[in-house]
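Asks: Listed below, chain by chain, are the residues.
Number of protein chains: 2
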Amino acid sequence: MKTVLEVGALIQDAQHIVDGPAYLVMADGLIESTGAGTYPGDPAAVQRIKRPHSLAIPGLVNAHGHAAMTLLRGAGDDLPLHAWLEQRIFPLEAKLTEEAVYWGTLLACWEMLRSGTTCFVDMYFFMHEAAAAVAESGLRGVLSWGMVGLDDGSRRQAMAHARSFVTRWHGAANGRITTTLGPHAPYTCPPDFLREVAALSAELDVPVQIHLAETRREVAECLEQYGCTPIQLVERCGLCTRPLLAAHCVHVTDADIELMQQHDIRVAHNPQSNLKLASGVAPVPRLLQAGVTVGLGTDGAASNNNLDLFEELRLAATLHKGVSEDATLVPAAAAFHMATAAGARCAFLPPNSGRLAPGCTADVVLLDMQSPHFVPGHHRLSDVVYAAGADDVTDVWVAGQQVLAGREPVTLDTERVRYEVIRLRERLTGPGN
Amino acid sequence: MKTVLEVGALIQDAQHIVDGPAYLVMADGLIESTGAGTYPGDPAAVQRIKRPHSLAIPGLVNAHGHAAMTLLRGAGDDLPLHAWLEQRIFPLEAKLTEEAVYWGTLLACWEMLRSGTTCFVDMYFFMHEAAAAVAESGLRGVLSWGMVGLDDGSRRQAMAHARSFVTRWHGAANGRITTTLGPHAPYTCPPDFLREVAALSAELDVPVQIHLAETRREVAECLEQYGCTPIQLVERCGLCTRPLLAAHCVHVTDADIELMQQHDIRVAHNPQSNLKLASGVAPVPRLLQAGVTVGLGTDGAASNNNLDLFEELRLAATLHKGVSEDATLVPAAAAFHMATAAGARCAFLPPNSGRLAPGCTADVVLLDMQSPHFVPGHHRLSDVVYAAGADDVTDVWVAGQQVLAGREPVTLDTERVRYEVIRLRERLTGPGN
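Chains as they are written, first to last, in the numbering used here: chain V, -16 to 416; chain P, -16 to 416.
The reader is advised that the hints may include incorrect statements.
Said to hold, decoys possible - Counterexamples of contact, computed for chain V against chain P with all Cβ distances above 12 Å:
id, residue
1, His36
2, Gln208
3, Ala318
4, Gly360
5, Leu364
To be verified - Covered by chain P, according to a simulated footprint, are these stretches of chain V (three or more residues, beta-carbon under 8 Å):
id, stretch
6, 116 to 126
7, 308 to 317
As the list claims (entries may be wrong) - Distance windows between CB atoms, simulated:
id, chain 1, residue 1, chain 2, residue 2, range
8, V, Ala388, P, Gln30, 33 to 43 Å
9, V, Ala388, P, Ala388, 21 to 31 Å
10, P, Gln30, V, Gly3, 45 to 55 Å
11, V, Ala388, P, Lys33, 43 to 53 Å
12, V, Gly3, P, Glu82, 21 to 31 Å
If you are wondering where the hints come from, they were derived from the structure by calculation, not from laboratory data. We put the beta carbon where it would ideally sit given N, CA and C, even for glycine.
Bound-form chain V, shown alone (with noise of 0.2 Å):
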């Protein structure tokens, strides 16, 4: 049977939107017909749900994190990025077990659901837990096995790993979940090994994502050591011949950005995360200006340390006019349009995907307009932009399922989540501060 909401107003992208009673039809996971005013077919053939005070936007996608940090959440701040993991992150890692990662991905689907992300991009570790805790959920998921390759031994078992998590989950759930290759840097990937992961990519088909260009350190290590940036890095070992999403950006030059724009690589914008770990400020209005295609990523909780894609939409919208003090740079609906479609683009879904078109997925989210963010209501979008927030987001479908109802997941066992992660907390640490 399909699904009819009747809505308040309804977001179809950065460029459509319907100030008013609107509908949306969902059928077989896809949004059949949308139109303005009530729906026009028969009511008794439909589940209708009368939604007159709700917003409805596309889902969010979450275009970089690794989700299962939030077990790692608040465990180390206010230190730079290198001596953060050696120090704080990598110590916890360590002694991370499979079942950790399970619930701690679990966690994360059950913070980004609330907050109205219906598709992350994820890459850790025991991702074969990961993907389960995923399905579960009922989020999308874009997964990949991070691969480091400083040494034989490292690389023989990343390329086992990846190719074990590719053929086993790629379209599973439904086609929900899919995975790509995760090369985790130029710093701990050196480029014979970054060939031998654009060769396997190609043999299993499925794209490839890396961190690129994070840290000024990274860059000139990069350039003392191959005499090129990370970027120019990559092209040179082949990964450009492949669909490519490179998280961060923050320090490319004007070459830089020529041979992303060329190559059509994507990159996922982690604002908050390079502020917090003091990276710097991304040249995202260049990257845009350049027709990079740009979505916006949290980054692991550990790093942010929340999975809030609303903060990230603000702050890709209010930063760059800061920095740069020009107050039409990023403008709202370039922020939307990086929270979905672009984002969308970024995590590989096909071109149906992050807007709430007809043929398009029926990934929706219900904003609560009776939330003082949307009073007194000049603009749709800039109030979805500028001042709504998690704690708006009231209902999500992904694929046509429900899976958020009244703020709390239909999938998920929070308590039993919360009652977990914290027993693993106090494995890894001890309990309290």
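Fit chain P to the given chain V structure using the hints.
Replies: Relative to chain V, chain P alone:
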């Protein structure tokens, strides 16, 4: 009767955290005692509120804003400050009525209560109606009638408004309302008018708040017109002999900062408004280093576009790290202090404000530790600063009176507020966008 809150954890101030069961006794609007564990007194002799899954923190202080600008939320975005003011804001403000300011201020109070703010600093017009709204809401307000002195008529009117407002409202609502003078800015208040304001402030024995050094253009024009910076100008006009709060201070020199430190000028840092209006990034680490008191403000909802102080708290703790590429700047405790005790000092509240310690005002916020933002809970203060959001605020007390319960204001008819503000918007700009 005393009220005893028994909570799961307690942040007294940026330096003192009880991470485990704790209690807090409120009597006569003050905190009588706090401690770890359960209340040791006779439970039958008190009103006992058991909230084992809540974290108690001091109420947040919003050190700068224009509450009734909620009426203009989303009415103009993505424009440079002066175009935004002249093309969008001033024409709409010219149509605002006393009734509009009353309802707009109530909307702001609702939004601030929901996001854990217990005290706010305000500068606007039709302030008798704004003060009536604050009295009704249960919040603390530090209010001023904005003064502009571009000609003799506006000066006389500004002085009369300020005098009548201070006389009528200073100390009203059991002391929840205090007043200041509010000369708008050096570019709307010439030096001789600022001297008159300083004299009136001394006569009425109230502090002064002003916008200072918000944009590069303001500083350039001040240098051109008066041969000094805005900070130097207010000193020359005698405002520094009065308790003084300066909003913004984005473009200040080292010499300015020395003056500010010397005269104890308090600063309201509004990071999100400064980004959105492309004003720039205030040198907060340098101000803190010099010992200047810095609080956090949202500014008006037309330039933010919400009144959520958690966003400012997070931005204060991350923005300066990012733009300075130094992850140790503005650590979590410093940001939390800005949002609480330092904010209280900016608002000229008595020294027993902004902390949950014996003898302090009973302005208390409860956060839901069952939210994913507090799981697993490695560090409570980090979770508040880097992960929590308005959606975690469940209950608020001001001066020992509960004003938010289960996320709903106790004191406001929110349905009526929404209805009236939407009605007033339709009168301002017509329905919809």
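Asks: A separate judgement is required for each hint: does it hold in the structure or not?
Replies: Taking the hints in turn, this is what the structure says about them:
no. : hint                             : result
1   : His36                            : violated, 10 Å
2   : Gln208                           : holds, 21 Å
3   : Ala318                           : violated, 10 Å
4   : Gly360                           : violated, 7 Å
5   : Leu364                           : violated, 8 Å
6   : 116 to 126                       : violated (count 0)
7   : 308 to 317                       : holds (count 7)
8   : V:Ala388 to P:Gln30: 33 to 43 Å  : holds, 35 Å
9   : V:Ala388 to P:Ala388: 21 to 31 Å : holds, 24 Å
10  : P:Gln30 to V:Gly3: 45 to 55 Å    : holds, 47 Å
11  : V:Ala388 to P:Lys33: 43 to 53 Å  : violated, 29 Å
12  : V:Gly3 to P:Glu82: 21 to 31 Å    : holds, 26 Å
Going down the numbered hints, you'll see the structure goes against 1, 3, 4, 5, 6, 11, while the others check out.
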